[in-house]
Amino acid sequence: MKLDAKIPPGPIEKKWEQHQLDMKLVNPANKRKYKVLVVGTGLAGASAAATMAELGYQVSAFCFQDSPRRAHSIAAQGGINAAKNYQNDGDSVYRLFYDTIKGGDFRAREANVYRLAQTSVKIIDQCVAQGVPFAREYGGLLANRSFGGAQVSRTFYARGQTGQQLLLGAYSALERMIGLGRVQMHSRHEMLELIVVNGVARGIVTRDLVTGAVSSHLGDAVVLATGGYGNVFYLSTNAKGCNTTANWRAYKKGAAFANPCYTQIHPTCIPVSGEYQSKLTLMSESLRNDGRIWVPKKEGDKRAPHEIPEEERDYYLERKYPSYGNLAPRDIASRAAKEACDSGRGVGKTGLGVYLDFAASIQRLGESAIRERYGNLFEMYARITDDDPYKTPMRIFPATHYTMGGLWVDYNLMSTIPGLHVIGEANFSDHGANRLGASALMQGLADGYFILPYTIGNWLATAKLEKVTADHPDVKAAEASVAARTQQLLSVKGKRTAASFHRELGQIIWGECGMARAATGLTRALKRLPELRQEFWSDVNVPGSGASVNQSLEMAGRVADFIELGELMCLDALEREESCGGHFRTEHQTEDGEARRDDERYCHVAAWEYVGESKKPIRNVEPLQFEFTHLATRSYK
Amino acid sequence: MMKIKLNVWRQKDAADAGAFETYDAADVSPDMSFLEMLDVLNERLTLAGKAPIAFDHDCREGICGSCGVVIDGRPHGPKERTTTCQLHMRSFENGAEITLEPWRAGAFPVVKDLVVDRSAFDRIIAAGGFISAPTGSAVDGNATPIEKENADLAMDAAACIGCGACVAACPNASAMLFTAAKVSQFALLPQGQPERYRRARAMVATMDQAGFGSCSNHGECMAACPKAIPLDHIARLNRDWLKASFREGRRVATSGDSAAG
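These protein sequences, in sequence, are chains W and B. To get my numbering, take the position in the first sequence, counting from 1, and add 10. To get my numbering, take the position in the second sequence, counting from 1, and add 25.
Do not take every clue at face value.
Okay, the calculated beta carbon distance ranges per label pair [as the list claims (entries may be wrong)]:
no.: 1; chain 1: W; residue 1: Lys-16; chain 2: B; residue 2: Ala-260; range: 47 to 57 Å
no.: 2; chain 1: B; residue 1: Gly-98; chain 2: W; residue 2: Tyr-148; range: 41 to 51 Å
no.: 3; chain 1: W; residue 1: Lys-477; chain 2: B; residue 2: Ala-260; range: 48 to 58 Å
no.: 4; chain 1: W; residue 1: Lys-34; chain 2: B; residue 2: Pro-215; range: 51 to 61 Å
no.: 5; chain 1: B; residue 1: Ser-239; chain 2: W; residue 2: Lys-312; range: 56 to 66 Å
no.: 6; chain 1: W; residue 1: Tyr-148; chain 2: B; residue 2: Phe-45; range: 37 to 47 Å
no.: 7; chain 1: B; residue 1: Asp-38; chain 2: W; residue 2: Tyr-104; range: 50 to 60 Å
With a cut-off of at most 27 Å between alpha-carbon atoms, the simulated DSSO-like pairs for lysine-lysine come out as follows [what the hints assert, rightly or not]:
no.: 8; chain 1: B; residue 1: Lys-37; chain 2: W; residue 2: Lys-359
no.: 9; chain 1: B; residue 1: Lys-173; chain 2: W; residue 2: Lys-503
no.: 10; chain 1: B; residue 1: Lys-37; chain 2: W; residue 2: Lys-505
For the record, the hints were derived by calculation from the structure and aren't laboratory data. Think of the CB as a built atom: it goes at the ideal place given N, C-alpha and C, for glycine as much as any other residue.
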């Protein structure tokens, strides 16, 4: 497989501008002759579908939820970065670009990241125009807050509900196009197969989650905006429905899967309370602006937090990283929490927790200022834990939150299958080995509003597409494979639920491929996972039929794909013999426990190519060149 | 550990008449969420060869608006400003008998068990719940300062999660609070002014067509709303709708302008 990133030549600040001039355009009158299928309606999918419909393309959009507004982008709390420099604190496009490259531990593609930083400023303007109620100062201008991994204040926010407000903005633009008949919306439809004809992506097969009907949808381009695969860990901050099925089907049809081992464990989540736990809840990283993280200095100190005097507390982030303190990037803050707990200093019943303490800020700013900034988050915490964070410190612990890996795309956001585009969290492109806070919303909307709508025009204008109809043998074969798989899931009639397999998978992945990874554990997982897959297909119990609403069937199909993906993750983690960002190999660390990158051997993207059932996939490599930044050891000290 | 008895509405599909069935849930931890209690029950039903209970859910952190069960007659259950997914079993007594029903409203037909079809909400938004600002057309975000108080009020309205509890709580199954929240958000912002009256008229017309009842100011919607969206927004919608009706009369004579767009 040849990986051509198609990075335009020229100085970095001119690449995108020049590329826009060089790309072929589709004449306005011809746009309506092209049909684009968009799967997923989160920030990336909704903004792309709306924008392409505004341009005049025929668009069909799909989501498994009952409404496009439910996509999990809605749950993002803290904010969205943009290099506006409204605070006059020295921000610039270059600084946002550099922070993102450095935050990603020099494992992202420079040209893509620079374009992302350039585009960031337009996103804020677009969202304000849509009526997104961003936080404002008394003078009426937009407010900013700071976020982990940055020393400037460039994060725009809408209380603790930034993702909700941005998604509702994109959703309203999408609904406007639906109302005008320019987008055909298919809610409660799940994509279960990609249709590839003569090597080109030409459609998808979906299952209607209400009637069970399996049908094909054909078009001139397919866009996957289907989010990340964090639920491979079973417990994560993702919504229960988030899954990898669409991406996994595409992988099995020839789309390379890049850097699957790059997963982000978010440092500030509410700890697990019991075995029945179905998901983990994030407490926004923005809390680290005003909260101080600590554990007792003494091992096994079971005193209540207020009984532990100041000098017996270890504010370990402030101690280890004095210049960034509590705002150290996510991977570093998570690992530090794990170390604290591993050393027996964790807090709470399980010992798997650290304190996030607001007492100093409440004393300095007053309770009402803290309430104004984080009221809804404090309320959410109180509701889940039955503790009052105004009075007692929050207990937090890291949890899986975001996946930097995803389907490989070139500069045009096209995968290794021509015609198949991948945007937002579903692709791998912009965050390297670790994503900075408030950059996911930025990337989703950059891809959807401002990048894909340009690059897809170039694809449509230059591709010579044959006519494909519903009776084409490749279409029929794709439909038949969906029907067969559904039947197979229903016919096992074993003794275990899909959820029990999912929990077991999660334990394996969290244990062996979580915050710290080692060859021994990864090898163990790679032996166990194929067995788990076999057990699944011989012992899963999926009740009911495929001909109506069947939530167990939906879940089982997703779990089956997660088990396979888990295997690829462990393989990727095993073969990347270095530590970088969220990928921490215990064999590769410095004397003081920091990640040790190996730029000689691993300054590249690993893009895995599927070659058949039970065959080891091929590891293709895209070398990363750092022409506009210097490969440096990441330090936040 | 708690023991709970559940009376659950079971309905195969839209055509089925539906009926209550009773289940015992033992080993319920007070720290479980309400939906986790149902997950555990569903796994047990599955292994016993029975059909698990269908319910909508996704984010499980009170923001996506997917979940919604009428619990003992109250949409989202006994706790104020709390979605079903954020409700915990510690809000119930050990030994409690709890009745679970889907949202009941003509405009929200039952799909299966506790799952209903809320697509009418999407149609109301498609009719006018937007500001027409095609991508690329925006001016700088700080070009128009907006009074903080109005921005905050707009945010209060925009906090609606579209769950439909307001409709389920209303004796008339009216969707006024949902519609008003969106109309109000944009009416409070300068960007929303050009389409302000057209928006109010189009959204109300679509709401009426979808079969929602009319508002008679009971206020049950606000009590059930997990985001506590206040009734003031309904008053603002009513004012805008009235003005829109006058303006419409005036405009028909001079221009033939279309409803949505």
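Hints and how they fare:
1. Lys-16(W) - Ala-260(B): 47 to 57 Å: Roughly 56 Å apart at Cβ, these two residues keep to the hinted range, so it holds.
2. Gly-98(B) - Tyr-148(W): 41 to 51 Å: holds, 44 Å
3. Lys-477(W) - Ala-260(B): 48 to 58 Å: holds, 56 Å
4. Lys-34(W) - Pro-215(B): 51 to 61 Å: Between Lys-34(W) and Pro-215(B), where Cβ atoms are some 39 Å apart, the hint is violated.
5. Ser-239(B) - Lys-312(W): 56 to 66 Å: Check passed, 59 Å falls within 56 to 66 Å.
6. Tyr-148(W) - Phe-45(B): 37 to 47 Å: With Cβ atoms ~55 Å apart, the hint is violated.
7. Asp-38(B) - Tyr-104(W): 50 to 60 Å: Given about 58 Å between the Cβ atoms, the range holds.
8. Lys-37(B) - Lys-359(W): Roughly 43 Å between the alpha carbons, so the hint for Lys-37(B) and Lys-359(W) is violated.
9. Lys-173(B) - Lys-503(W): violated, 59 Å
10. Lys-37(B) - Lys-505(W): Holds, at about 24 Å.
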